[in-house]
Structures are given as structure tokens and as C-alpha cells.
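For the record, the sequence lines run as chains A and B.
Residue 622 in the working numbering is what sits at position 622 of the first sequence, and the numbering runs on without skipping anything.
Residue 68 in the working numbering is what sits at position 68 of the second sequence, and the numbering runs on without skipping anything.
Derived from the structure by calculation, the hints contain no laboratory data.
These figures come from a predicted structure and were not determined experimentally.
Keep in mind that the hints are not guaranteed to be accurate.
In silico DSSO-like pairs for lysine-lysine, Cα to Cα no more than 27 Å straight-line [to be verified]:
{"no.": "1", "chain 1": "B", "residue 1": "K114", "chain 2": "A", "residue 2": "K39"}
{"no.": "2", "chain 1": "A", "residue 1": "K509", "chain 2": "A", "residue 2": "K140"}
{"no.": "3", "chain 1": "B", "residue 1": "K146", "chain 2": "A", "residue 2": "K74"}
{"no.": "4", "chain 1": "A", "residue 1": "K74", "chain 2": "A", "residue 2": "K39"}
{"no.": "5", "chain 1": "B", "residue 1": "K113", "chain 2": "A", "residue 2": "K39"}
{"no.": "6", "chain 1": "B", "residue 1": "K52", "chain 2": "A", "residue 2": "K39"}
Coverage of chain B stretches by chain A, computed from C-beta distances (three or more under 8 Å per stretch; other residues unrestricted) [said to hold, decoys possible]:
{"no.": "7", "segment": "81–94"}
{"no.": "8", "segment": "113–125"}
{"no.": "9", "segment": "142–148"}
{"no.": "10", "segment": "184–195"}
Beta carbons are placed, not taken as given, at the ideal position from N, Cα and C, and that holds for glycine.
So the chains spell out like this:
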Amino acid sequence: MSNESAREGLDRRRFLKVVGIGGAGAAVVSGCSTAQVEKLVPYMVQSEDQVPGVPTWYASTCTECAAGCGLHVKTREGRAIKLEGNPAHPVNAGALCAHGQSALQGLYNPGRLQGPMARQADGSFTAVTWDEAIATLAAKLQAAGGKLAVISGAGRGTFTDLFQGWTAAQGGKFARYSAFSFEPLRAANQMTFGTPEVPHYDLARARYILSFGADFLDGSWLSPVETQRGFAESHGYRDGAMAKHVMFAPRMSLTGMNADEWHPPRPGSEAAIALAMANVLLTERGGNPADANALRGVLGPWTPERAQEESGVGAEIIRRVAREFASASPGLALAGGASGQHRSAVQTAAAVNLLNYVAGSVGQTVRFGADLDTGDGYGALLALLETVDRGEAQVAIVHEANPAYTLPRTAGFAAKFAKAGFKVSTSLVLDETAALCDLLLPNHHALERWDDSRPRRGVQGLMQPVMEPVFKTMATGDVLLKVAQKAGGALAQFTAPSYEAHLKAQWLKQLGTDAAWRQALANGGVYGDAPAAPVRLAASAAGAGFTAPAFDGDASPEAFYLLPTASVYGDGRFANRPWLLELSDPVTRITWHSWAELNPETAKRLDVREGEIVQLTSPHGTVEAPVYIFPGLHPEVVAVPLGLGHTSYGDWATGRGVNPLDLLGASDGQGFLPYLATRVTLTKTGRYKQVAKTEGTTRQLGRGIADAMTFAQAKQGMTPALAAAAEGHAHHEVNTEREVEAIEGFDAAQREARRHGEYANDHPMWGMVIDLARCTGCSSCITACYAENNIPFVGEADILRGREMTWMRIERYWEGGEDGEPLEARVVPMLCQHCDNAPCEPVCPVYAAYHTHDGLNGQVYNRCVGTRYCANNCPYKVRYYNWYAYTKTAFPEPLNLQLNPEVTVRARGVMEKCTFCVQRIRAAQHTARLEDRTLRDGDVVTACAQACPSGAIVFGNMKDPASRVTQAQGNHRGYHILEDLNVRPAVTYLAKVLHRVEA
Amino acid sequence: MRKLALLGAGSLLVALAAIAAGQGTSAAQQGPANTDTLPAWKLSVRDSAALKGPRQPVFFRHDIHVGVNKTPCQYCHYSVAESSEPGIPSMTTCMGCHLIVGGSDSSHQVEIKKVREAYNNSQPIEWVRVHTLARHVHFPHMRHIKVLGANACQTCHGDVGRMPQVYQVNNINNMGFCITCHNQRQVNRDCTVCHF
């Protein structure tokens with residue numbers, strides 16, 4: 001409390017004194033005071049596409065990862081306030097992940113550089129003008145005489161073409177680098193199919209999905225939204241059909257949590273399993289296509305028994321899964337990604353390619369021709385770095401990459417990079433690499449500039465500035481052109497007056513007319529199908545095989561395999577965004593700091609408890625992190641998340657957590673960074689840190705919160721209650737006779753109440769259906785909710801006190817995992833259930849919580865006096881109390897520009913919770929009224945439903961028999977959480993369907 | 001001579017009005033008694049400090065624009081029928097007329113000159129907001145215009161056409177003011193219609 005008082009400047013005693021003096025004091029705290037003078041500033045010239053109070057939408061493209069999802073940017077009075085997926089875009093079809101949503105916090109990040117800066121003799125940075133900065137760079141380039149090295153993380157597009165041409169014209173070297181480049185996939189494709197391209201994986205068509213260490217649902221794997229969309233399409237139960245998903249990986253990642261079977265092999269041994277499965281298929285079914293028979297010699301030695309020896313996964317399991325995979329056509333096997341990037345990662349990907357080939361999936365669910373953009377990768381960067389190290393670069397430019405952080409320290413980036421005479425960064429933030437540079441030329445944010453993106457063949461996305469730049473930054477495209485004009489010489493050929501003109505000229509070459517250009521801008525780009533480029537087995541495919549990967553460090557059985565995992569923070573670029581720091585990790589539910597995962601048995605053996613800080617030591621370094629005990633982990637593995645432990649990346653990221661890359665060695669010439677290639681020893685420090693997690697009880701204890709049924713039961717059309725009974729346990733507590741009587745009495749009272757006042761008229765009845773067979777727990781909905789509803793982040797200290805403000809949260813429960821039963825995960829999005837018979841309403845002494853005529857559980861902030869009775873009486877614990885003036889800490893300028901003007905920014909001392917996005921309901925009603933029509937189904941889409949890549953959430957009017965929500969409610973899998981309480985929730989969940997081993 | 005007499009009477013009236021204003025809002029709501037036609041003394045008021053309502057950077061005369069010239073409200077408050085926000089006219093809207101219209105007497109000319117200078121200097125006039133709703137209230141102007149018609153503004157804002165300087169006629173932050181009307185018209189009185 002003392003902390004907070006200082007922040008407030010009005011402590012409790014003083015507050016009481018002020019109020020005590022008399023009536024005048026009351027005015028000080030009154031929320032209705034309008035004494036403050038406000039100004040109304042008119043436009044000079046009325047903008048054509050801005051109406052005050054009405055949002056203007058712009059189409060754009062997301063640049064948070066290489067996937068290139070389409071965006072619709074909602075702006076109000078000239079500032080971007082919300083990002084939504086572009087429904088017409090082939091990659092994301094309207095959905096958007098948490099990373100994409102959080103781009104707004106990149107745009108308005110207080111840690112952004114405010115303008116160009118140059119390093120002074122004393123080592124400090126001083127602001128310079130753009131003219132000075134450009135003149136400096138031009139002069140340095142003239143002097144360098146072609147000794148130029150460029151590292152760029154920008155995706156394929158006009159900018160990269162320009163940058164490459166600009167560099168080549170001077171004779172410089174160019175490397176496209178991003179941390180997650182999927183080099184092993186490309187190397188394996190080269191080996192087995194003779195092409196280094198990354199194909200399009202069609203999960204939507206797959207009837208059986210096998211993952212060999214590929215965390216394709218964890219947010220950093222190739223095209224995350226498209227992958228998840230496809231997965232929900234095939235794996236989500238519908239009309240008696242669903243795909244099965246089996247994962248082989250040492251850790252149960254979010255992908256593993258969504259698997260019907262998860263088998264942890266020895267780290268690095270997935271290839272052996274894939275080869276054995278391909279062998280089983282080939283032996284039992286024969287090659288299809290015929291040339292697969294050529295692989296008999298390669299696959300022959302790989303019996304399931306030998307694979308068991310290598311991996312520790314039972315031969316019977318391998319044989320069974322192989323047969324299931326063969327019988328479900330088309331299947332799809334996946335490999336690749338940081339968590340599976342060990343020294344045999346190419347072998348794993350090659351083995352998976354062979355498995356796909358033998359199963360006939362190549363050309364069906366694995367389609368070459370799309371050529372997904374992944375950059376040049378690690379090898380190209382190291383080669384460039386060597387030339388810099390040899391002193392062959394007088395000028396080095398780093399654009400949209402942060403190798404000083406994303407490379408292990410042992411790569412010696414800082415020392416090698418220092419040999420470049422003059423170092424330039426275009427980073428928006430002073431990141432680790434920018435901190436090493438001499439000149440900072442901060443780029444515009446993607447929402448402030450003209451640009452485009454070609455994430456794969458057939459998809460060309462456009463970006464346009466949706467608002468005035470927040471800071472005095474400049475688009476790097478413009479910087480390149482201005483420098484070219486200044487420097488002349490070899491650069492004189494770049495004559496475009498601006499990057500915008502250059503971009504438009506490039507597009508007009510293809511589009512022809514100005515009208516087509518305008519159309520493309522409105523659509524967010526031009527989309528077509530990727531050309532098919534069928535592949536056949538290459539001769540070099542015979543080189544496929546498996547050798548157990550080497551691991552650095554202590555080989556003794558006391559040491560652990562170190563598994564760095566890619567999750568919410570990606571490769572580290574998302575660590576400066578409070579929405580994502582506060583977003584609890586989908587697997588562990590930990591926020592704001594690093595952790596080290598240990599298997600429960602291992603923890604017991606070592607006698608460590610949750611929160612105990614352990615020291616992990618490898619030959620390359622040491623990190624310390626608190627332990628989190630996680631049942632979904634191979635007992636010989638310790639897992640640490642990637643992306644934290646920044647030394648320079650804005651206030652939120654700097655000094656937060658640890659970076660597991662500090663434990664890794666750099667390279668052994670394979671062309672990729674082996675993340676999973678180190679063994680570490682674990683030492684107890686004797687110190688503790690309470691883990692800031694939002695996880696409560698990890699087991700459901702038979703309460704049927706996240707319900708599930710087997711595939712067979714679903715096919716029989718069973719309800720969750722029947723399914724539970726079939727499993728031999730009573731589903732819910734049975735109501736006593738007295739309770740049934742009370743329920744009937746309540747029904748009568750309810751019918752009577754509906755006849756009076758506002759409630760009597762014909763109103764909609766808002767409701768929601770969440771399909772747990774589709775929900776993966778990815779948490780996009782949560783970030784969307786934060787963005788839409790001005791939810792403040794509360795910070796680590798308040799999370800530890802249980803004061804998180806997640807109006808919508810994901811609850812994760814474990815099932816099984818004991819007595820030899822397989823471990824299963826259940827996730828359930830939990831939000832206000834808008835109960836018809838809400839327990840929170842009658843206990844509110846001031847009627848702040850009440851039931852609206854259209855079925856919402858209303859919360860009137862200006863009435864709320866903060867008794868918190870409602871939260872105490874809510875069985876779902878979905879009401880959140882605004883303990884402190886979070887709005888003062890959570891929206892430092894210019895982050896406040898993101899606030900949604902349609903939603904009240906709550907003051908301290910009020911209860912808040914999910915409103916079913918009532919502002920969207922009212923806006924839709926206003927629009928309908930102005931158009932003299934009634935509401936149509938689909939007019940109101942809540943922020944969570946809009947963002948969901950799985951399409952798991954349906955919202956609508958439950959009184960309309962034709963609405964999607966009413967239809968979905970009729971599903972036999974429907975149930976209400978804690979139904980026996982008779983609170984009548986408006987949210988219906990559809991039970992998850994488990995595609996277990998068929999007896 | 002006649003002008004002088006009127007001026008004398010006028011100052012008396014102004015003094016009376018000031019006393020009335022001091023007595024509270026009930027008197028304020030009745031408004032000045034003799035504003036059916038604009039007397040010449042009023043047209044040439046130079047100092048707006050004695051008038052009700054906040055003093056504006058430019059003494060913009062709603063009484064002349066609306067009362068005398070009969071300009072429809074929506075000519076300037078252009079988005080009131082389609083948005084929650086009624087819209088404040090851009091400087092080009094002002095200049096649409098005042099490029100030509102320079103003012104009939106010196107008191108007007110002074111103010112119009114301010115507008116022209118602001119426009120020429122690309123410096124928008126920062127008006128002082130008269131009607132401000134508390135942040136937890138959402139008032140959709142367009143729904144009210146849709147139901148009550150284009151000239152319904154005075155229901156809440158009073159007869160602006162008779163106000164030399166706009167002031168709050170009704171306490172719009174008193175929810176009773178909203179509810180009284182919603183009750184009479186038997187329209188929605190649910191909390192979450194406005195509070196969210």
C-alpha cells in the first residue's frame with residue numbers, strides 16, 4: 001500500500017481529511033467533475049475519410065513474423081487502436097495471433113527511438129537531424145568504396161529488392177537473417193527432393209497429423225495463424241469426423257498439449273522414429289508413388305525395434321501409429337522449428353520427408369511451389385560476420401535484426417561486428433545490436449510506412465501508412481534513396497523521389513492502372529494461388545538416415561539436456577510488449593519472467609521445489625532461473641524459454657529474465673543454430689523466487705470444467721454427461737430434492753420478472769459458444785481482449801498477489817499422467833458467463849452488477865463502490881478488481897494513444913469484467929437503427945471471436961433460431977461449466993473430443 | 001441619440017441578466033426575456049466576458065449564424081446524424097463564407113479577421129468545450145437525431161439561435177435529465193445502453 005500511496009500523491013489519511021472537511025472534498029473525488037477546461041480543435045481542411053467518432057479502417061500487412069498475415073487496422077481520429085485480420089487474405093482469413101495483435105504496442109512503445117542519433121566521441125548518443133544523419137552515412141559509404149556489409153531481417157518484397165540492389169550496386173555483401181529460419185527444413189528438402197524451398201503444409205486437408213518435434217501451434221512455426229487455422233479445421237470434431245494428431249517430442253509444448261497422443265523420445269532421436277514408420281509403411285503397404293520403393297534399401301535397417309533402442313519410444317507404439325497414419329489418407333508429418341533444432345535436425349526433417357513421400361502425402365498435404373519465405377538464415381549471417389571480422393567492411397548496416405541478442409554469446413558477434421568501421425542500425429528501439437552501432441536511423445513502424453510483402457508465391461501484401469508517425473523516424477526505404485542521391489556514384493541509378501513512388505512504380509508494372517493500384521490497396525494486396533511445383537524423390541535422398549546427435553557438455557547421467565523453447569516472446573523481439581509479458585505462457589501459465597522446467601520425478605529426486613532458483617551450467621555459460629515443475633517433460637530434460645534476458649531493449653525487457661542462448665555454443669558448420677545441443681548441470685542455489693503464474697489448481701478434481709469425450713462417444717452423439725457416465729463416473733453432483741424445488745421456483749420467478757419494465761420487450765439474448773475441440777489455448781483471444789477493452793497490465797508484483805486483470809483467461813488442467821496413464825492437457829477459455837441467474841447480481845449493494853434486458857451481466861463502473869462482494873460470490877472467478885490506478889502505470893505515453901475511445905478507462909476501486917464487448921453490440925445496434933433494419937446474425941462479433949485463429953468462438957443472439965450461436969448450442973457436446981449451481985450461463989462449451997487409441 | 005438610449009437600456013439589461021445568472025440555474029434556464037429579435041446593441045457586443053458560458057477565443061455568434069442567418073446546425077456540425085460525435089467545422093468551412101463575408105460592423109470585423117488570420121497561418125482555433133460528458137457515458141448523437149429529427153438539437157442544447165455565446169442550458173451530466181426524457185418517451189433505460 002505504501003508504494004501505491006506515493007504513486008497516487010494522496011495517501012489514505014490525507015484522503016480522509018479532505019473528505020472530512022466537508023462537501024467541497026467530495027467534488028475532488030467525483031468522477032463526474034467537468035470543471036477541467038477541454039479544447040475542441042477543428043481540422044484545417046476536413047479529411048475525406050475521417051468522420052469523428054466513426055472508425056476508419058485501412059488494409060495492411062503484418063510484419064511481426066515472416067508469415068505476412070493481412071491486417072485491417074482500425075483507426076479513430078487518426079490513430080491506430082486495434083488490429084484485426086483481413087478476412088480476404090489467404091494466409092490468415094480474418095484471424096490474428098497474439099504477436100500480430102501486439103504490433104500496436106510496438107508502434108506506441110515508449111522505448112522507441114525518437115529520431116536519428118549519432119554516437120559522440122565520449123560514447124554517448126546525441127540526437128541529430130535527418131539531413132545530418134543522411135549526409136554522414138552518404139559520406140561514409142563514399143569513403144567505404146564498396147566495403148559494405150548489410151544484415152536485414154526484412155521479408156521478401158520491394159524493400160528487400162531495393163536494399164539488395166542498393167547494396168550490390170556498391171559491391172557490398174547482403175545477408176537476410178532472422179533467428180527462426182528453418183534452415184534444417186530447407187537442407188532436408190534439398191537432400192530428398194532437390195529443392196531448398198519450404199513447401200506449403202496443408203493441415204486443413206490432413207486426416208492424420210504427426211509432429212516430430214515441430215511445435216507448429218506454439219506461435220513461431222512458419223505461418224502460425226494459417227497452420228492453426230488448418231489444424232482446427234482438420235482436428236476440430238465435426239459431423240463424426242476429425243483428424244488425429246500424434247506428437248513425438250521431449251516436451252509437451254502447446255502443440256503437444258493439443259495432441260491426442262504425446263510420446264517423449266530421447267532428445268534428438270525423432271528421425272529414428274520417422275524412418276521406422278516409413279519402413280513399416282513401405283513394408284506393409286508398398287510404395288505409393290512407385291519410386292518410393294527405391295527407399296527400401298535406405299529404410300530397411302530401421303525397424304521399430306531399432307527405433308525404440310534409439311529413442312526410448314516403444315516399438316509397438318511406432319508400429320501402431322505408422323499403421324494408423326497409413327490408413328488415414330492424406331496424412332501429414334511435420335518437422336522443424338527451434339525446439340527440435342538439434343545437430344540431427346536435418347536428418348529428422350529428411351526422415352519426415354521420406355515418411356510423407358512413402359505415405360503419398362507429398363503433393364497432397366505437402367505442396368511445393370508456394371516457397372514460404374524464411375530468409376537466408378544463420379549460415380549466411382556467419383559468413384557475412386566472418387568478412388566483417390576480417391576487416392572487409394568499413395560500413396555495416398543492420399536492419400530489422402538483432403544478432404547481438406539472437407546469437408549465442410560464444411558466436412562473438414560484438415567483437416567481430418566492432419571491426420566494421422562505421423555501424424548503422426535502423427532498429428525502432430535501442431536493442432542490443434543498435435547499442436553497438438555508431439548511427440541510429442530509426443525506421444518507421446510498419447503501420448506508419450509504405451511497404452509490401454511476398455510471404456509466399458501467390459500472395460502479395462501491401463502496407464500503407466495508417467497514421468502520422470508517432471516519432472521523428474523515417475522509412476528506411478526513403479533513407480536508402482536519399483543517401484543514394486547524396487552519395488551519387490554507383491548509387492546514382494536510384495532516382496525515385498521517395499520510397500512510396502518507387503513502391504507504386506513497381507506495383508504499376510504489374511497492375512497497369514491506377515484504379516487497379518487503388519483496388520489492391522483497399523484489398524490489402526493481390527492474392528492468387530501458388531503455382532504447383534511437384535517434386536520427385538532425388539537421388540541424394542538415399543543419404544537419409546539417423547546418427548544420434550552430439551551434445552556439448554557433461555555427458556554423465558546427472559546432467560540434463562537443455563531445451564530452449566520458443567513461445568510468447570518468439571526470438572526475443574516481443575519481450576518489450578507488456579501485453580505479451582503479462583500474457584501467461586500457454587503451457588506453464590507463467591508471466592513476466594524466465595523459468596526452468598523440470599519433470600516432477602526429477603524434481604523429487606533432486607529435492608527441488610517450484611520457485612527454487614537453480615543454476616544451469618554448460619561449458620559455454622551459466623544462467624539462473626526458478627524451477628517450474630512440469631509433468632509434460634522428458635525426465636532428462638530441463639527447458640528454458642527463449643526471448644527474455646535482454647541487456648538493451650527498452651524498459652520492460654531490459655534485465656528481465658535470462659537468455660538460455662548464454663548456455664549454447666555457436667556453430668559447427670551445419671548452417672543453422674543447434675538450439676537443442678547442450679547438456680547442462682543443475683546446481684541448487686538455495687534461493688527462492690515465487691513464480692508469477694496465473695495457474696490455480698492444476699487438476700479438475702472431477703468438477704467437469706474442461707469436459708471431454710472420446711471420438712467413439714462423440715460419434716454416437718453422446719452428451720458430456722452420458723459420456724462421463726459411460727466412463728464410470730458421475731458427471732456432476734446431483735441436485736437434491738430441495739434444490740430441484742428451488743430451481744423450479746426460480747424458473748417461475750424468472751418468467752414473472754421477464755414480464756415487467758424493460759425486460760418485457762422483445763430484445764435479443766446474447767450468448768456465446770466455445771468449441772473446445774477447436775480451441776488450442778493459443779491465447780490470441782486474450783490479447784485481442786486487452787486491446788479492445790483497454791485492459792491495463794498489472795505487472796509481476798500484482799500477478800503474484802493474484803490481481804491479474806485478464807477479463808478472458810485460458811485455464812489449463814492436467815488429466816492422467818499418473819499410474820501409467822498418459823498425460824493429457826485440457827484448456828478452457830474462461831470469461832464472464834453472463835449468467836441468467838447470476839450470483840454476483842443480488843449481492844451488489846449499489847446495483848452496479850445487474851442483468852440487462854438483452855441478457856448481459858452488466859457492470860456499471862460509475863455505480864460500483866468496490867465492495868467486491870460480487871467477485872466473492874462469482875463461482876467462475878471472472879470478476880477483476882481494479883486495485884490500483886493501473887491506468888496511470890499501464891499506459892505511459894504514447895501507449896495511451898492505443899486506448900479504445902469506445903470503452904471507459906476504469907478508475908481505481910471498481911470491479912471490472914468481460915462485457916461481451918457491449919460497445920460492439922451497441923455500435924451494431926446504432927448502425928442497424930440508422931439503416932432502418934434489425935440486427936442480422938454476424939453483425940456483432942466480439943474481439944475474442946474475431947481474433948480466434950481456430951474459429952472456436954461463436955457469438956450471437958440466442959433468441960434467433962437461425963443464428964450460428966443457437967445452432968451451435970444445439971450440439972450434443974454442449975455443456976455449461978458448474979451447471980449444477982443453476983446459474984444459467986450464457987456461455988455454452990462444446991466438449992473436447994479425444995482421438996485416443998481405439999481399443 | 002436613439003442608439004445611445006438603447007445602449008443605456010441594454011447595459012441595464014446586461015446587469016440584470018448578470019444578477020439573474022448569479023441566482024442559480026433555474027433563472028438561467030428561463031433565458032433572457034427579450035431575445036425574439038436581436039436588438040442592435042446585442043449585435044454589436046464586443047466584450048463577451050459578461051455573457052453566460054465560457055469565453056471563446058473567437059466571439060462566434062450562434063445567435064447571428066443560426067438565429068439571424070438561419071444556417072442549419074448540420075451545415076457545421078456535419079457528422080451529428082451519422083456519428084456519436086457531432087463534428088466541429090473545419091477552418092475551410094468557416095472560410096467558405098468568410099472569404100467573402102467580412103462582417104457588417106467593426107465588432108464583427110474584428111472577430112472575422114481572427115478567423116481569417118488563423119486560417120492563413122494554418123493555426124486552428126481552439127474552441128473551449130461547453131458540453132462535456134463524463135468519460136463513462138457514451139452518447140450517440142446520431143440515434144437521437146434519427147428519432148427526433150434534424151432540428152432536435154435544442155432539446156438538450158437549448159435555443160442556441162438566441163445565444164450570443166453558447167452556455168449549458170441543461171445539466172447534461174445529471175443523469176436525471178436523460179432519464180426524464182427516456183421515461184416520457186418510453187425508450188430504453190438500461191444502464192449499459194450508455195455506460196460501458
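Does K39 (chain A) sit within 27 Å of K52 (chain B), going by the straight-line distance between their CA atoms? With a Cα-Cα distance of about 18 Å, the restraint between K52 (chain B) and K39 (chain A) holds, given a limit of 27 Å.
How does the segment 113–125 of chain B fare against chain A when you require at least three residues with a CB closer than 8 Å, holds or violated? Since 4 is at least three, the answer is holds.
Would you mind confirming whether the straight-line C-alpha gap from K113 (chain B) to K39 (chain A) stays at or under 27 Å? holds (21 Å)
If you draw a straight line from the CA of K74 (chain A) to the CA of K39 (chain A), is it 27 Å or shorter? holds (25 Å)
Within a Cα-Cα threshold of 27 Å, do K509 (chain A) and K140 (chain A) meet the stated pairing? Not OK: K509 (chain A) and K140 (chain A) at ~34 Å, beyond 27 Å, violated.
Is the Cα-Cα distance between K114 (chain B) and K39 (chain A) 27 Å or less? Given that 27 Å is the threshold and the Cα spacing comes to 18 Å, the pair holds.
Decide if the proposed pair is consistent with the structure: K146 (chain B) and K74 (chain A), CA atoms, cutoff 27 Å inclusive. Holds, at about 26 Å.
Are 3 or more residues of the segment 184–195 of chain B near chain A, judged by a Cβ distance of less than 8 Å? Holds, because 7 residues of the segment 184–195 of chain B bring their Cβ atoms closer than 8 Å to Cβ atoms of chain A.
Coverage claim, chain A over the segment 142–148 of chain B, checked by counting residues with Cβ within 8 Å (three needed): holds (count 3)
Please count how many residues of the segment 81–94 of chain B have a CB within 8 Å of a CB from chain A and say whether that reaches 3. holds (count 11)
In summary, the one numbered hint that this structure violates is 2.
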